[in-house]
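J.: Residue numbers (the numbering used here), protein chains in the order written: chain A, 1 to 432; chain B, 1 to 279; chain C, 1 to 314.
Bear in mind the hints are in silico, worked out from the structure with no lab data behind them.
Even for Gly, the Cβ is constructed at its ideal location relative to N, Cα and C.
Please note that the accuracy of each hint is not assured.
[Claimed, not checked] Derived lysine-lysine pairs resembling DSSO-like cross-links, with alpha carbons at most 27 Å apart:
{"no.": "1", "chain 1": "A", "residue 1": "Lys38", "chain 2": "A", "residue 2": "Lys55"}
{"no.": "2", "chain 1": "C", "residue 1": "Lys33", "chain 2": "B", "residue 2": "Lys105"}
{"no.": "3", "chain 1": "A", "residue 1": "Lys55", "chain 2": "A", "residue 2": "Lys225"}
{"no.": "4", "chain 1": "B", "residue 1": "Lys4", "chain 2": "C", "residue 2": "Lys25"}
{"no.": "5", "chain 1": "C", "residue 1": "Lys211", "chain 2": "B", "residue 2": "Lys102"}
{"no.": "6", "chain 1": "B", "residue 1": "Lys186", "chain 2": "C", "residue 2": "Lys223"}
{"no.": "7", "chain 1": "C", "residue 1": "Lys25", "chain 2": "B", "residue 2": "Lys102"}
{"no.": "8", "chain 1": "C", "residue 1": "Lys223", "chain 2": "C", "residue 2": "Lys211"}
{"no.": "9", "chain 1": "C", "residue 1": "Lys223", "chain 2": "B", "residue 2": "Lys105"}
{"no.": "10", "chain 1": "B", "residue 1": "Lys186", "chain 2": "B", "residue 2": "Lys105"}
{"no.": "11", "chain 1": "C", "residue 1": "Lys211", "chain 2": "B", "residue 2": "Lys105"}
{"no.": "12", "chain 1": "A", "residue 1": "Lys159", "chain 2": "A", "residue 2": "Lys225"}
{"no.": "13", "chain 1": "A", "residue 1": "Lys366", "chain 2": "A", "residue 2": "Lys283"}
{"no.": "14", "chain 1": "A", "residue 1": "Lys366", "chain 2": "A", "residue 2": "Lys159"}
{"no.": "15", "chain 1": "C", "residue 1": "Lys211", "chain 2": "C", "residue 2": "Lys301"}
{"no.": "16", "chain 1": "A", "residue 1": "Lys55", "chain 2": "A", "residue 2": "Lys283"}
{"no.": "17", "chain 1": "A", "residue 1": "Lys366", "chain 2": "A", "residue 2": "Lys429"}
{"no.": "18", "chain 1": "A", "residue 1": "Lys55", "chain 2": "A", "residue 2": "Lys389"}
{"no.": "19", "chain 1": "C", "residue 1": "Lys211", "chain 2": "B", "residue 2": "Lys4"}
{"no.": "20", "chain 1": "A", "residue 1": "Lys159", "chain 2": "A", "residue 2": "Lys283"}
{"no.": "21", "chain 1": "A", "residue 1": "Lys225", "chain 2": "A", "residue 2": "Lys366"}
[Claimed, not checked] Partner residues are not named here, just some residues of chain A that face chain B (Cβ under 8 Å, in silico):
{"no.": "22", "residue": "Asp66"}
{"no.": "23", "residue": "Gln70"}
{"no.": "24", "residue": "Pro73"}
{"no.": "25", "residue": "Ala74"}
{"no.": "26", "residue": "Ala89"}
{"no.": "27", "residue": "Lys159"}
{"no.": "28", "residue": "Pro267"}
{"no.": "29", "residue": "Val335"}
{"no.": "30", "residue": "Val348"}
{"no.": "31", "residue": "Pro370"}
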Amino acid sequence: MGSPMRSGSRRRRTGVAVAALALCSSMLAACSGDDSGKATLNWYINPDGQETLNKLADDCSTDDYDIEIQLLPASATDQRTQLARRLAAEDSSTDLMSLDPVFVPEFANAGWLAPFEGDLADEVVDDDVLEGAADTVMWEDEVVAAPQWANTQVLWYRKSLAEAAGLDPEQPWTWDQVIEAAAENGGTVGVQANRYEAYVVWINAMIMGAGGQMLEDTEAGRDAKVTIDTEAGAEAARIIAKLADSPAAQADLTVSNEGTSLGQMFPEEGPGEFMVNWTFVYKNYEGQVDQFDDLGWARYPATVEGEESRPPIGGIDIGVGAYSENLEWAQQAAVCVTSPEAQSQLAVNEGLMPSRGSVYDSDELKEAYPADLLELFRNSIDGGGPRPKSAFYSQISSAVQSVWHSPDSVSEDTPGRSESFLNDVLDGKRLL
Amino acid sequence: MSTKNRIGVVIGAVLILVWCLLPVAWIISLSFKSQEAITTGSPGFLPRDGGGAGWQNYSDVIADDQFRRAIFNSIGISLIATLLSVIIATLAAYAIARLEFKGKKFVLTTALIIAMFPVVALVGPLFDMWRTFGIYDTWLGLIIPYMSFTLPLAIWTLSAFFREIPWEMEQAAQVDGATSWQAFRKVIVPLAAPGVFTAAILTFFFAWNDFVFGISLTSTEAARPIPAALSFFVGNDPFNRPASLLAAGAVVSTIPIIVIVLLFQRKIVAGLTSGAVKG
Amino acid sequence: MTSTVVAPDSKKDRRKTAQMSDRSKAEERLGQKLVLPAIALMLLVTAFPMLRAIYLSVFNYSLTAPDDREFVGAQNYITALTDPLFWETTLNTVFIMVVTVAVELVIGFIFAMVMHRVIFARGVIRTSILIPYGIITVVSGFAWQFAFSNSNGFVNEWLPFLDNSFNWFGEYGSAIAAIMVSEIWKTTPFMSLLLLAGLAQVSEDMLEAAKVDGATWWQRLWKVVLPNMRSAIMVAVLFRALDAYRIFDNIFVMTAGAQGTESVSFLTYRQVIEQFQLGIGSALSVLLFLSVLVIAGLIVKIFRVDLAAARQEG
């Protein structure tokens with residue numbers, strides 16, 4: 001009889017201790033802000049380049065405030081959800097946030113981003129900022145975020161494989177050429193075709209490469225004109241279907257992402273792959289693989305022969321939360337973490353390319369990257385094809401994913417179905 | 001038992017062990033594959049030669065702030081929710097098992113409906129309410145729903161246990177000269193404690209397992225529990241899902257469960273079966 | 001004493017009310033006081049949000065454009081109910097529910113029989129069966145997702161009739177199978193423990209008598225064992241079926257709804273939490289709740305179980 005009682009009271013004590021601990025920790029959190037007399041700015045970052053971002057947070061902290069890093073989930077959709085939920089709750093502790101450019105219009109439209117005004121706006125978006133990047137932070141003639149880095153995709157490949165296939169590195173390649181070259185030589189083509197944001201990146205890039213776009217008049221919001229059921233849309237569908245049917249498709253095509261195809265470049269057996277992927281790939285392989293010299297790069301494949309490709313555009317813009325208690329400081333900090341020095345560090349250490357043209361000419365970058373690769377990145381961003389700039393982008397993206405996935409079901413009716421579904425979704429007539 | 005039957009039972013027992021433990025062994029094995037091997041692809045149950053990571057994944061996962069924070073959140077939130085839920089359930093179960101009062105059926109029906117409630121249907125309005133109350137993304141914001149959803153199970157389990165307690169003994173002790181507090185403490189508490197304890201374990205399991213509330217009512221590591229953290233888990237390489245690192249995290253998050261199961265196997269089985277069966 | 005105290009008998013209640021003494025009045029007040037916190041908490045988190053969901057469901061309301069909220073009447077319900085996607089996911093959810101519960105019932109029963117008969121290693125077996133029960137569903141989802149993965153898993157290698165590069169998540173059939181395997185693995189222990197409790201109720205005397213009468217093992221199973229554990233089976237089926245109908249975690253982790261593997265819960269989650277469409281999302285929440293009630297009602301009706309009695313009295 002004694003023992004259950006003893007264990008009972010011990011349990012009770014543990015319980016009290018835990019409750020006390022919880023109280024302390026919440027009180028500590030409440031106190032730390034007041035006591036030190038120094039404000040804390042929360043910066044929600046996406047996981048790319050954490051180390052350098054942590055360093056930037058330290059460097060950009062001042063006597064008035066400390067910048068503290070909060071990490072967001074890995075997928076773009078989850079990042080948006082987490083941030084939007086905080087902002088919808090009018091959270092005053094969301095000071096700085098790293099935003100995927102495609103979500104900037106939605107956030108700005110909801111009034112969640114504090115616009116940069118006056119001199120600050122001129123500083124954030126000056127002539128040095130590449131046009132593709134500058135465009136992503138403008139909403140209704142206001143500067144609603146600061147471009148921090150710009151991302152783009154290029155075609156990475158094994159030089160030996162391209163040589164065996166007889167591809168001429170001096171000429172731009174088309175998707176058809178790349179798929180056939182891989183298929184005929186035992187190689188594969190790496191893409192991102194899981195049901196997630198990057199699949200839309202691929203589809204959009206191919207549609208734009210054929211001179212089309214997914215939507216026109218996107219500022220009209222829900223009334224934008226859907227233009228997927230066009231010749232350009234048909235080209236994109238044809239290429240996806242061609243790859244899905246081809247022996248060059250990777251076994252995990254329907255669940256492929258930026259990571260899954262990395263391993264196929266230098267496999268234990270086989271000639272490797274062609275892979276469209278972001279700029280981080282270079283740093284990912286450099287010093288990691290023996291056959292690094294065999295890694296080649298080229299402009300994103302063209303959808304139709306003779307028409308220049310429109311490589312995907314990504315990157316990160318720094319937004320300042322509209323409900324932040326320290327708006328001015330937060331904007332100051334945003335300028336600091338997007339400065340040319342900051343961008344150069346991100347590029348050199350993390351492979352995240354600058355959104356400012358002058359940084360490409362800096363010595364640090366020239367040392368870290370081959371000159372032709374730097375030029376390729378810069379040209380790709382300059383000539384890139386952005387995804388639709390709409391306050392309803394997340395619905396658009398989700399609607400496109402649901403019709404175009406899985407890639408092996410894509411056929412010639414896909415663009416038509418996609419267009420009518422997207423129209424219905426924008427009209428609120430369909431579930432997503 | 002005939003020999004045939006006995007063989008059947010032995011085969012059955014082995015089957016149960018394989019069924020239950022094989023996936024656990026798999027996730028442990030996966031957690032020892034190196035991240036490089038995962039990136040290039042390393043099929044097979046065991047890590048290949050040269051594809052092993054030793055304890056690297058574990059030290060990485062333990063060194064990860066987010067993960068440590070999630071473990072802390074999960075332990076704290078689950079323990080507090082368990083403690084409070086069991087206290088409230090004990091009161092209710094005592095009333096249900098011992099007292100006659102109007103509304104008893106209402107309590108039991110409510111509990112039943114809540115046990116069947118589709119949690120996802122609630123997260124939208126709850127999110128809306130919590131942000132109005134300012135408890136969105138806090139421990140409290142998770143503790144409250146965890147309590148509500150574990151109450152039915154706790155009330156059932158406890159009332160089943162309480163009905164078995166010979167309450168007359170309390171009066172007998174009082175006749176023997178004990179005060180009613182003494183009688184309660186010395187006679188009833190020891191008899192009721194195992195039931196309370198069992199209810200606590202089952203409640204803890206629920207809170208530890210929850211995912212829907214965990215991802216919907218949090219947005220930072222301030223309150224994000226382990227299941228949500230695992231699903232959002234980001235390794236050093238954001239473009240590559242760190243399967244083996246994730247596996248190490250999964251194993252770590254399973255350790256408390258295994259410890260509890262090892263220590264209290266009898267009580268959990270009794271608790272799970274008590275509601276359904278008399279005795 | 002057990003049965004008289006617990007079974008809420010309305011006739012008896014009425015008689016009692018008539019001759020209510022001070023003592024029983026005090027008892028009643030105490031009883032109500034004791035259950036009050038539990039009731040309040042349960043209602044705070046369910047009834048109140050549910051009412052709010054009903055209210056929001058008649059608006060077109062998006063969190064990203066809160067000022068554009070407008071009253072639309074039953075439009076959200078019409079949109080949802082006329083959308084093939086809603087019916088596809090409902091069908092898929094019912095399919096998952098039926099298959100997993102049926103498989104779990106069979107495997108769970110076999111496990112329960114073994115646990116009931118086994119004389120050696122009882123503790124070891126019961127301990128290991130509790131591990132899947134206690135493990136986090138998300139972890140189970142990951143474990144099986146990686147197990148079925150063609151780049152890092154082992155299932156393809158172990159199954160001789162499958163090509164090693166087979167992509168389990170590449171089509172509906174195999175993807176849903178993978179999800180169901182995870183679900184079944186994780187929840188069979190719960191089922192088998194409930195059934196074990198039911199088995200313990202079957203009297204050995206009756207079994208002996210049937211044996212003496214020359215009944216075969218199979219006959220004894222169907223004529224004696226199963227009828228006598230009917231209520232345990234019903235409780236197990238009811239609880240597991242409703243649980244399976246709410247499936248979310250495994251789908252979220254393993255496919256995120258790709259290849260048509262979405263469940264109703266997942267669809268609702270996407271509207272509300274991912275797309276912030278609180279209006280139509282709330283309508284879906286209400287429909288989800290109603291469908292759970294319908295399923296519960298159907299099971300209770302088909303098997304004619306008195307729920308409270310079954311759970312409280314066995």
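J.: Could you grab the alpha-carbon distance between Lys211 of chain C and Lys301 of chain C and see if it respects the 27 Å cut-off?
T.: This hinted pair is violated, its Cα atoms lying about 34 Å apart.
J.: Should the hint that Val348 of chain A touches chain B count as held when the rule is a Cβ pair under 8 Å?
T.: Nearest chain B Cβ about 17 Å off; hint violated.
J.: Go through the hint on Ala74 of chain A and say holds or violated, using the shortest Cβ distance to chain B against 8 Å.
T.: This interface hint holds because 5 Å falls under the 8 Å limit.
J.: Is the hint on Ala89 of chain A kept, meaning its closest Cβ partner in chain B is under 8 Å away?
T.: 4 Å, holds
J.: Verify the interface restraint on Pro370 of chain A: the C-beta must sit less than 8 Å from at least one C-beta of chain B.
T.: At 21 Å from the nearest chain B Cβ, Pro370 of chain A fails the 8 Å test, so the hint is violated.
J.: Verify the proposed pairing of Lys366 of chain A with Lys283 of chain A, using a straight-line Cα cut of 27 Å.
T.: 14 Å, holds
J.: Assess, step by step, whether the Cα of Lys4 of chain B is no farther than 27 Å from the Cα of Lys25 of chain C, and give holds or violated.
T.: 62 Å, violated
J.: Tell me if the straight-line CA distance from Lys33 of chain C to Lys105 of chain B falls inside 27 Å.
T.: 15 Å, holds
J.: Would the hint linking Lys211 of chain C and Lys105 of chain B be met if the CA-CA limit is 27 Å?
T.: Answer violated: Lys211 of chain C to Lys105 of chain B is near 42 Å, above 27 Å.
J.: Against the 27 Å threshold, does the CA-CA distance of Lys159 of chain A and Lys283 of chain A hold or violate the hint?
T.: 18 Å, holds
J.: Assess, step by step, whether the Cα of Lys55 of chain A is no farther than 27 Å from the Cα of Lys225 of chain A, and give holds or violated.
T.: Violated, at about 44 Å.
J.: Verify the proposed pairing of Lys223 of chain C with Lys105 of chain B, using a straight-line Cα cut of 27 Å.
T.: At roughly 34 Å apart (the allowed maximum being 27 Å), Lys105 of chain B and Lys223 of chain C break the hint.
Of the numbered hints listed earlier, those contradicted by the structure are 3, 4, 5, 6, 9, 10, 11, 12, 15, 17, 18, 21, 22, 27, 29, 30, 31.
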